Each structure stands twice: as C-alpha cells, then as structure tokens.
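S.K.: Given only the sequences and the hints, what does the whole structure look like? Please build it.
For the sequence shown, this note's numbering assigns the number 1 to the initial residue and increments by one for each residue that follows.
Calculated from the structure, these hints are not laboratory results. Warning: the hint list may mix true and false statements.
Within a straight-line C-alpha distance of at most 25 Å, the following computed SDA-like cross-link-like pairs (lysine to any residue) qualify [stated by the list, open to error]:
{"#": "1", "residue 1": "335", "residue 2": "521"}
{"#": "2", "residue 1": "138", "residue 2": "178"}
{"#": "3", "residue 1": "366", "residue 2": "236"}
{"#": "4", "residue 1": "297", "residue 2": "312"}
{"#": "5", "residue 1": "253", "residue 2": "154"}
{"#": "6", "residue 1": "249", "residue 2": "423"}
{"#": "7", "residue 1": "253", "residue 2": "240"}
{"#": "8", "residue 1": "366", "residue 2": "423"}
{"#": "9", "residue 1": "138", "residue 2": "243"}
{"#": "10", "residue 1": "221", "residue 2": "239"}
{"#": "11", "residue 1": "341", "residue 2": "154"}
{"#": "12", "residue 1": "421", "residue 2": "77"}
{"#": "13", "residue 1": "366", "residue 2": "71"}
Since this is a predicted model, take the numbers as computed values, not measurements.
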Amino acid sequence: MGFADLLDEVGGFGRFQIIHVTLLSIPGLLMASQNLLNNFTAGVPEHHCRIPNITAALNESAAAILRAFIPLDSSLTPSRCTRFTDAQWHLLTDKPSHTNTTELQTEACAEGWTYDKTEFISSIVSEWDLVCTLRPLKQMSQTIYMGGVLTGAIIFGGLSDKFGRKAMLIWSYFQLAVLGTFTALSPSYVVYCILRFLTGMSVSGVILNAVSLKVEWIPTKARTLVGTISSFFFTFGQMILAGVAYSLKDWRKIQVAVCLPFFIFFFYSWWYSESARWLVLNGRSEEALKHLHHVAKINGKPEMTEKITLEVLESHMQKEIQSSKSIYTVFDLLKTPTMRKISMCLMVVWFSTSFAYYGLAMDLQKFGVNIYLMQIIFGAVDFPAKLVALLMLSFLGRRTTQGTCLIMSALVIFANIFVPKDMQITRTALAVIGKGFTSASFTCIYLFTGELYPTVIRQTGMGFVSMMARIGSMAAPAVLILDEVLPALPSIVYGGSAVLAGFIAFFLPETLNIPLPDTIEDVEENREKKSQSLKEQVQSEALALQNIKQSGGTCEENESSGPHPLSETPVHLKE
1 MGFADLLDEV GGFGRFQIIH VTLLSIPGLL MASQNLLNNF TAGVPEHHCR
51 IPNITAALNE SAAAILRAFI PLDSSLTPSR CTRFTDAQWH LLTDKPSHTN
101 TTELQTEACA EGWTYDKTEF ISSIVSEWDL VCTLRPLKQM SQTIYMGGVL
151 TGAIIFGGLS DKFGRKAMLI WSYFQLAVLG TFTALSPSYV VYCILRFLTG
201 MSVSGVILNA VSLKVEWIPT KARTLVGTIS SFFFTFGQMI LAGVAYSLKD
251 WRKIQVAVCL PFFIFFFYSW WYSESARWLV LNGRSEEALK HLHHVAKING
301 KPEMTEKITL EVLESHMQKE IQSSKSIYTV FDLLKTPTMR KISMCLMVVW
351 FSTSFAYYGL AMDLQKFGVN IYLMQIIFGA VDFPAKLVAL LMLSFLGRRT
401 TQGTCLIMSA LVIFANIFVP KDMQITRTAL AVIGKGFTSA SFTCIYLFTG
451 ELYPTVIRQT GMGFVSMMAR IGSMAAPAVL ILDEVLPALP SIVYGGSAVL
501 AGFIAFFLPE TLNIPLPDTI EDVEENREKK SQSLKEQVQS EALALQNIKQ
551 SGGTCEENES SGPHPLSETP VHLKE
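M.R.: Here it is in structure tokens:
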C-alpha cells in the first residue's frame with residue numbers, strides 16, 4: 001500500500017486531475033516561444049552596406065543602383081559585408097556574368113548596413129548590427145539564454161525539493177513575466193543578454209515544477225496519456241509562435257506578446273494544490289491530508305474525507321516518511337548501483353535528445369523556405385510524431401520508445417547527408433521527419449525521468465539530468481561552425497550522438513504500469529526483485545533442463561543394460 005492507492009481512493013484521474021493538469025499545461029503554449037524565440041527576435045534580414053549620398057535624382061531603380069556600389073558574391077547576389085571603394089557606374093550597363101570585379105577595390109561597411117524589412121521589421125540583428133564580424137553574437141545570445149536554462153535547472157531542482165513544487169512554480173511564473181517583459185525594453189545587447197539569461201532560469205523552474213506537480217497528483221495508469229497530451233501544448237505553442245511573429249515582425253513586440261501572459265499564469269497558480277507526497281515527506285502531513293480531502297470533494301468522493309485520516313495517510317507512507325528524515329543531494333544520485341546506472345544513462349539521453357533537437361530547430365533560415373511557414377511545419381509534424389510516441393509508450397514501454405525514437409532520428413539525419421543540396425524540398429522533408437522523432441524523444445524522456453527517480457530526490461534528479469539537455473542545446477549552435485571544415489560534419493556529429501544515446505536508453509529499467517518509487521530504497525529493491533526473479537527463472541529453466549537430461553539418461557541406461565530380467569527364460573523351464 002502506498003500513496004498511489006490513496007489517489008485511487010479519492011477518485012483516481014477525476015475532475016480535480018483534469019483541471020489541475022489543464023491549468024499546468026496551458027503555460028506550455030508559450031514555453032516553446034521562449035526556447036525558439038531567437039529564430040524571430042534574432043532573425044537575419046537581407047542586408048548590404050549602407051550607400052551614402054544616394055539621391056532620388058538618379059533615375060535608376062534601387063537594385064540597379066546597388067550594382068554600382070555593392071560587389072556580387074559567388075552566387076551573384078549583392079555582398080553583405082563589403083562595398084566598392086568608389087562607385088562603379090559602368091557596371092550598371094554590363095551583365096554580371098561578363099564583368100570581372102575581382103580587381104576592383106572594396107572596403108568594409110564603415111557606415112553601417114541597410115536592412116530589408118520585408119521578413120523582419122526589426123530584430124536584434126538589425127538593431128545592433130550583429131552581422132559580418134559581429135555575426136557570432138547572434139548565436140551567442142541563444143547560448144547565453146540556454147546557459148540560464150541550465151543554471152535554472154540546477155538551482156530550481158534543489159530549491160523545489162526543499163521549499164516545495166508550488167512555491168517555486170509561482171516564483172518562476174513571476175520571474176518569467178517580469179524579466180521577460182523588461183527584456184523588450186533592453187537599451188543594449190549586453191542588457192538584453194543578461195535579461196535573457198535570467199528569463200532562461202525561470203523557464204527551467206516552470207518546466208521542472210510543472211512536470212512534478214502533474215506526475216505526483218495523477219495515478220500510475222494515467223501518466224502516459226497526461227505526459228503526451230501535455231507535450232501537445234508545447235507543440236501547438238510552436239505554431240502560435242509562428243503566428244505571433246508573422247503578425248508583429250518586431251522583436252520588442254514579439255517579446256512582450258510571449259511574456260506578458262505569464263502574469264495571468266502567476267495569478268491563477270495560487271489555486272494549485274501542493275504535492276501531497278512532498279508535504280508528507282517533509283513532515284507536513286496535516287496539510288497533505290487537507291489537500292487529499294479537497295481532491296476527494298472535487299472528484300465527487302466526499303465520503304473518503306472521513307475514511308482517510310492522518311493515521312491512514314502516514315501508515316500508507318510509513319517507509320517514505322522514515323526515508324525523508326535523511327538529507328539528499330546530487331551525490332545521492334550516484335551513490336547506489338541502480339541510481340548511478342539510471343543517472344549516467346539519463347545524462348547521455350538528455351544531452352543527445354536536446355543536442356539533435358536544437359541542431360535542427362534553431363536555424364530555420366538555412367532551409368531556404370519562408371521562416372514562418374517552416375516554423376508551422378516544424379510544429380505540425382510533432383502531432384503525428386507524438387501520437388505514435390503515445391501508442392509506443394502505452395504498448396511497447398518507455399525504454400523501447402526512447403531508444404527507437406533516438407535511433408530513427410539519427411538515421412534520418414544521416415540520410416540527409418547523401419541528399420544533394422539542390423534537392424531542397426527533400427532535405428527539408430527529412431529534417432522535418434528528424435525533428436518529429438527528436439520531439440517524440442523529448443516527450444518520452446520527461447515522463448520516463450519522472451518515473452525513474454524517487455519522490456525524495458525527484459526534483460534534484462530532474463534538474464541534474466536536464467542540465468545535460470541544456471548543455472546539449474548550448475553546444476548545438478556551435479557545431480554548425482564545423483560545416484566550414486566539412487559540410488556533412490554537423491550532421492555526422494548530431495546523428496552519431498543520437499545513435500549512441502539510443503542504444504544506451506535500452507539499459508534503463510522499464511517503468512510502464514509500475515508505481516512511482518518514493519525512496520531510493522524503493523529503486524534498489526525493485527532492482528533486487530528483478531534480479532531475484534531473473535535468478536529464479538534461470539534456476540527453474542536449469543532444473544527443468546536437468547530433469548530432461550536425467551529422464552533421457554535413465555532411458556539410455558535401460559536400453560544399454562540388456563534385456564529386462566522378466567524377459568529372460570526361467571532356469572527351471574530351460575531344464
């Protein structure tokens with residue numbers, strides 16, 4: 001008997017759980033906007049060196065005028081980072097393919113750039129001229145943001161185990177709403193990066209605590225469905241981001257649009273019920289009992305308020321209460337054999353999932369398709385991918401689903417290496433399929449991790465392993481630089497990492513239809529039970545095989561020992 005039995009008695013997955021999960025999932029519509037915001041706020045518009053002293057008196061079109069001032073690159077498009085030292089008016093009448101401009105003197109864009117405002121009215125790139133020599137600063141802003149997400153995973157993971165899931169979630173909503181909105185007022189690139197870092201921290205707080213509050217208030221059998229449906233909010237959020245970005249096209253307005261709603265989430269989050277598991281394990285059983293009674297009433301089980309008393313609650317969680325008297329740290333994730341194996345495997349799986357996901361999703365302009373349409377396509381592919389993941393999670397289990405999704409994403413990434421660059425539609429289609437598999441992998445790993453770690457250290461464990469995901473998301477943009485060495489090298493790195501993690505995922509224990517562990521001892525006992533069961537099975541098979549051999553040996557002995565005594569002729573008859 002454990003807390004899962006009490007949940008079943010107060011209504012299982014009833015009205016309270018539906019409302020609770022829905023309210024926790026709604027902010028997920030804008031969580032995708034935070035992680036993928038850089039695609040639009042840091043979008044790179046078409047640009048060229050600013051041309052001084054151009055007047056309307058010239059009867060040439062703007063494109064024709066550019067020919068006299070801006071050299072063409074190898075693809076016969078205007079150079080983004082250089083201009084002619086002197087105007088070359090003769091080029092206006094010459095055909096580009098027939099003119100040799102390599103000997104003409106050029107210079108850097110000393111007076112700044114002119115940006116096309118068709119795709120982006122304003123972005124941090126056009127506002128602070130993050131192009132040419134400053135181009136790495138564009139990716140740096142995303143790396144800094146992911147650094148904040150990483151820091152938040154470390155900090156909020158431990159704080160929520162100490163101060164509670166609800167308190168840290170409320171604070172994270174508030175921090176994200178305030179700092180995210182203030183980011184739109186950034187007067188400089190440095191201030192922008194600092195605020196994005198702090199916003200990233202709050203994003204981790206929202207994700208980690210929302211997942212735990214969901215998992216710890218729902219029955220075992222409903223976890224797969226809830227985990228997958230919750231991920232659909234994130235998926236739909238990617239499409240919302242495309243719509244918001246397309247309608248505004250100004251990075252400051254987009255920033256406000258995706259952060260301001262978190263004030264609403266902050267205000268209604270006070271309704272949430274704190275995790276009863278966490279309350280009991282932190283010596284606050286009376287509060288936990290009130291929450292359970294509250295849940296029973298909402299679920300239409302008022303009679304259970306009399307049956308479930310403080311003594312009943314504590315008797316169900318006696319082992320967990322004894323275990324909670326110990327203080328747990330990150331080091332406890334690596335002390336015991338099973339916990340160490342789980343943590344090491346999850347570190348690799350989290351890193352590779354995030355590494356491949358953001359390698360595909362964070363540079364949409366490279367596909368040569370309208371960036372807003374590409375964002376919608378990348379979001380839409382998650383729906384069928386996650387439906388397939390839901391079926392696999394329910395029937396094949398967590399371990400098989402996790403490993404299969406990673407290996408399939410790797411195969412698609414590798415396949416894209418052999419597709420010619422001029423087959424842009426095929427390359428884009430393969431990238432979309434690969435993104436779908438990595439998204440399904442993310443859906444699985446959040447659910448899988450919450451089920452693998454025990455309650456007493458679940459948030460610390462989630463923060464620890466998801467830290468590897470943040471490292472992966474920070475490393476993903478940097479790998480793109482490797483294409484200067486070998487064009488296929490980034491895909492080889494992304495795919496190789498996914499293959500490795502896919503095989504490692506098969507070493508994790510299965511958690512399908514298994515109650516959540518509450519203590520580290522529960523995790524180790526499950527391992528011992530499985531080992532004992534396996535040993536008994538082996539012994540049983542060995543015993544059966546031995547019996548078969550003995551039976552066969554007896555028959556052989558009877559046949560080799562000659563005629564049966566009764567078959568011999570008695571002596572007196574012979575006489």
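S.K.: Sort out whether residue 77 lies within 25 Å of residue 421, counting only the CA atoms.
M.R.: Holds: residue 421 and residue 77 sit about 18 Å apart, inside 25 Å.
S.K.: Mind checking the alpha carbons of residue 366 and residue 236 for me, to see if they're no more than 25 Å apart?
M.R.: This hinted pair holds, its Cα atoms lying about 23 Å apart.
S.K.: Just to be careful, I want the Cα atoms of residue 366 and residue 71 compared with a cutoff of 25 Å; is the pair within it?
M.R.: With Cα atoms ~23 Å apart, residue 366 and residue 71 stay inside 25 Å; holds.
S.K.: Does residue 138 pair with residue 243 here, judged by a C-alpha cut-off of 25 Å?
M.R.: holds, 22 Å
S.K.: Given the hint that residue 138 pairs with residue 178, test it: the Cα-Cα distance must not exceed 25 Å.
M.R.: Holds: residue 138 and residue 178 sit about 23 Å apart, inside 25 Å.
S.K.: Are the Cα positions of residue 249 and residue 423 separated by 25 Å at most?
M.R.: violated, 29 Å
S.K.: Are residue 335 and residue 521 close enough, with their CA atoms no more than 25 Å apart?
M.R.: holds, 12 Å
S.K.: Holds or violated: are the alpha carbons of residue 366 and residue 423 at most 25 Å from each other?
M.R.: holds, 14 Å
S.K.: Need the status of pair residue 341, residue 154: alpha-carbon distance at most 25 Å?
M.R.: With a Cα-Cα distance of about 20 Å, the restraint between residue 341 and residue 154 holds, given a limit of 25 Å.
S.K.: Please verify whether residue 221 and residue 239 have alpha carbons no more than 25 Å apart.
M.R.: Violated, at about 30 Å.
S.K.: Given the hint that residue 297 pairs with residue 312, test it: the Cα-Cα distance must not exceed 25 Å.
M.R.: Roughly 18 Å between the alpha carbons, so the hint for residue 297 and residue 312 holds.
S.K.: Is residue 253 close enough to residue 154, meaning Cα to Cα at most 25 Å?
M.R.: violated, 31 Å
In the structure shown, a violation is registered for the earlier hints numbered 5, 6 and 10, in ascending order.
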